[in-house]
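Enquirer: With the hints as extra help, turn the sequences into a complete structure.
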Amino acid sequence: MEKAKISPGQLAALIFLFEMGTALVVSLGLKAEKDAWLAILLGLAGGMGLFGVYVSLYRQFPDHPLTSYVRIILGRWIGWPLGLLYVLFFIYGAARDLRDGADLLISSVLDQTPMIAVSSIMILTTGYVLHKGIEVLARTAQIYFAVLIILGVLSNFLLAVSGVIDIDRLLPVLEKGWSPVIRTTLTQSFEFPFAEMICFTMLLPYLNRPAKGIKLGMMTLLAGGLVLSFSSAMDIAVLGVDIAGRATFPLLMAVSLVNIKEFIQRMDVLVVMTLIIGDFFKVAVFYYAAVQGATDIFRIRDHRRLVYPIGLIILFISAIIAANFSEHIEEGNFALMTVFLLFGVVIPIVLWGAAWIRKALRQSP
Amino acid sequence: MLQLDIGDALDYVKQSFGGSPDVIVRILQLGSHPGVRMAVVHIDGLTDKGKINEFVAQSLLLAPSEEELRSMDNQGGVLEVVLKRTSTVGDAKACGDWNFIMHALLSGDIVILLDGSGEAIVADLRKFEGRAVAEPTTEVTVRGPKDSFIESIDANIALVRRRLKSVNLWLETFAIGRISKTDVAILYIHGVADNLLVQEVRNRLTDIKIEAIQGSGNIEELIRDQTFTPFPTVFNTERPDMAVANLLEGRVAVIVDGTPFILIAPTNFSQFFKTTEDYYQRFDFGFFMRIIRYFSFFVTLLLPSSYIALTTFHHEMIPTVLVINLLAQREGIPFPAFFEAMLMEAAFEIMREAGVRMPRAVGQAVSIVGAIVLGSAAVEAGVVTAMMVIIVSLTGIASFATPGIALSNAVRMIRFPMMLLASTFGFYGLMMGMIFLVAHMTSLKSFGVPYLYPFSPYDPWRQKDTIWRSPLKTARTRPDLTMKQGTARGDSERERHET
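Protein chains in written order, with this note's numbering: chain F, 7 to 371; chain A, 302 to 800.
One thing to keep in mind: the hints can contain errors.
Unchecked claim - Covered stretches of chain A (chain F as the covering partner; in silico rule of three or more C-beta atoms under 8 Å from a C-beta of chain F):
1) 607-620
2) 668-680
3) 730-738
Everything labelled a hint here was simulated from the structure, so no lab data went into it.
Idealized CB from N, CA, C, for every residue including glycine.
Expert: Structure, rendered in structure tokens:
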């Protein structure tokens with residue numbers, strides 16, 4: 007653990023940016039077609055419950071990150087390898103998000119640039135920030151939270167003024183009943199991005215005012231989910247479900263339709279900026295969780311010694327993880343239902359149960 | 302103890318100075334039969350000659366009265382009598398330590414050596430010689446006081462004292478520099494400035510190990526928190542009203558003898574966008590001016606690089622009519638946009654540097670030739686586009702709109718790597734550069750205060766005087782800049798201010 011503290015406001019900024027991350031620009035929940043927004047809301051409900059589990063674990067071990075309380079709950083022989091697996095999971099998560107960002111940039115604006123160059127710049131910057139510590143990351147998040155809000159308000163305003171929004175495209179609600187919505191929720195919009203919040207179990211011990219921090223964190227989670235749902239509905243209202251469903255990055259496509267008097271047009275760059283900011287903080291949080299976990303399980307005194315080596319691993323994994331973008335997306339869908347579900351949902355709930363049993367056993371002699 | 306024999310003492314003084322002829326010694330006799338020999342030593346040029354003559358004639362050379370003769374017979378009586386007489390000039394004291402005496406001599410005091418006494422008398426007869434208080438040259442205001450600090454430390458302290466008639470304005474002096482022994486004073490308002498902050502400033506000043514201090518810039522470099530950053534973490538000003546305003550906010554001023562720029566610590570990013578003028582004008586206009594300054598900060602930082610990114614990577618974002626126009630302009634230009642921009646920015650920096658170093662008389666010629674002739678000729682010759690000239694000039698002008706020159710200089714340097722990033726990665730490179738920059742700035746501290754405070758850590762209660770300038774009537778509480786007691790170094794109390 008570093009000697010650092012983050013304030014509730016900073017945690018909230020991190021949570022919001024993390025949630026927006028890549029989820030905002032990719033076609034989240036669009037398998038539920040017109041009801042994508044509903045699928046996200048359901049995912050959000052699940053996500054809030056899941057965050058409740060994380061918080062409950064944090065309340066029992068307020069001074070320990072996830073990787074060290076697994077050892078307390080499950081003992082050293084199971085806990086330590088599990089901690090190691092979590093570190094690998096965080097590295098994998100960071101690599102996936104790094105790849106997401108790089109692929110989007112290459113397919114939208116930097117079509118001539120090699121991917122490794124794009125990823126390297128991102129990982130270098132992230133590494134620099136993490137090297138300065140969690141406080142610097144959290145404060146930087148506070149500034150970019152404001153920037154993201156401005157970008158969001160601006161894009162929505164421009165879309166509204168351009169007159170491309172057609173609410174009728176969202177109707178009828180629940181055309182095919184609840185089953186596709188629930189299926190999408192379970193397979194996608196619950197795990198992504200809500201189960202990924204598991205990273206924050208590594209950050210919560212830094213909170214300086216836990217009670218307020220958790221309350222604010224919950225509220226931010228809710229607000230972030232609502233924004234995701236809103237923007238998904240917006241994509242469909244602008245593009246129609248056919249185009250939005252087929253597009254890799256519906257938001258990018260939607261915003262590119264902005265045209266005001268032939269003067270303000272092609273505002274895609276706003277979306278690209280949103281993605282860069284969100285993706286940066288998502289990579290950074292995963293990356294930090296991995297560094298923090300490795301520092302913890304290998305008992306290294308200074309987390310800074312691990313920052314650049316782990317960054318290098320993330321960079322290479324992101325490059326070899328898939329041969330092309332479609333493969334990457336396919337793998338992603340598979341990973342969501344397996345890896346992310348296991349590490350984000352199943353294990354935490356098991357831990358939570360085990361912690362309760364342990365507590366109950368302790369209290370009844 | 303000094304040498305008892307006055308001849309030995311004088312020899313010692315002469316030897317110490319290597320016989321420099323500007324050390325003036327006058328040997329006098331106090332009383333007669335037998336009387337006491339004494340020597341008045343001073344350094345020519347540092348002391349007020351007229352006053353010395355007056356003092357010697359009217360105080361030292363008078364025949365001793367009966368009473369004085371009586372007391373002169375006592376042990377140490379001579380010293381007492383001469384000290385009493387010297388008191389007419391004010392601030393006189395007896396001293397038996399050569400180090401102190403030499404320092405006083407070099408500072409412009411006169412030293413009276415007495416035969417047979419182990420101590421000498423040091424009296425202040427310094428000559429106050431220097432520039433008169435003039436108008437500020439670097440921080441100009443339209444409406445507000447027109448005086449500025451000068452080189453003399455005493456005059457500078459007086460300028461502050463005149464504005465703050467309070468016993469709580471406390472002053473501490475140091476002599477810094479192994480050879481130069483430059484006078485450095487710290488100034489703060491007791492009860493307003495945080496004690497730990499004052500202690501921290503004191504510590505950093507006493508920790509300085511250097512041969513000579515030439516100006517407050519040296520001190521700034523030696524006491525700042527981080528060395529490897531382009532951003533200034535100590536503020537400097539030549540305006541007394543600015544210094545007073547900062548003292549009232551709980552900051553500490555460091556005045557260095559020989560420099561009209563005084564240092565103020567701690568500082569933060571937003572301070573470089575404030576001028577005292579904001580408070581002399583209406584509050585809404587003050588707010589307006591600040592918005593303009595922040596805007597021009599971003600123009601300086603990002604305009605050339607954004608232009609490069611737009612023309613190299615993101616043509617589609619430019620409105621169609623304009624992009625056709627731009628492409629038509631670029632048709633005959635042999636360079637890529639990045640090279641074109643570097644060429645012009647470099648030319649601008651050369652002109653700017655030449656403009657500063659030039660003798661005043663030819664300065665105007667440089668600016669005319671540089672700005673008008675060179676610019677339009679370059680366009681006509683087809684070396685650069687007219688658009689690029691506009692961009693570069695706008696950037697140059699905007700860089701002058703930041704009141705804190707130190708920050709403006711930092712931005713001037715940073716815009717070059719930004720241009721490089723923009724030319725290789727477009728807006729993505731720019732975004733990464735900006736994230737890097739913001740992260741770097743959040744990691745900076747100035748005497749324990751985070752550099753981007755109160756933007757980050759965000760403090761809603763401090764926003765009323767950062768970009769927004771609230772009316773004076775509503776400014777009831779003192780801006781809590783130094784983040785209160787116990788926070789000059791530690792973090793414990795800071796949490797209270799974060800949200």
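Enquirer: Are there hints from earlier that the structure breaks, and if so, what are their numbers?
Expert: 2
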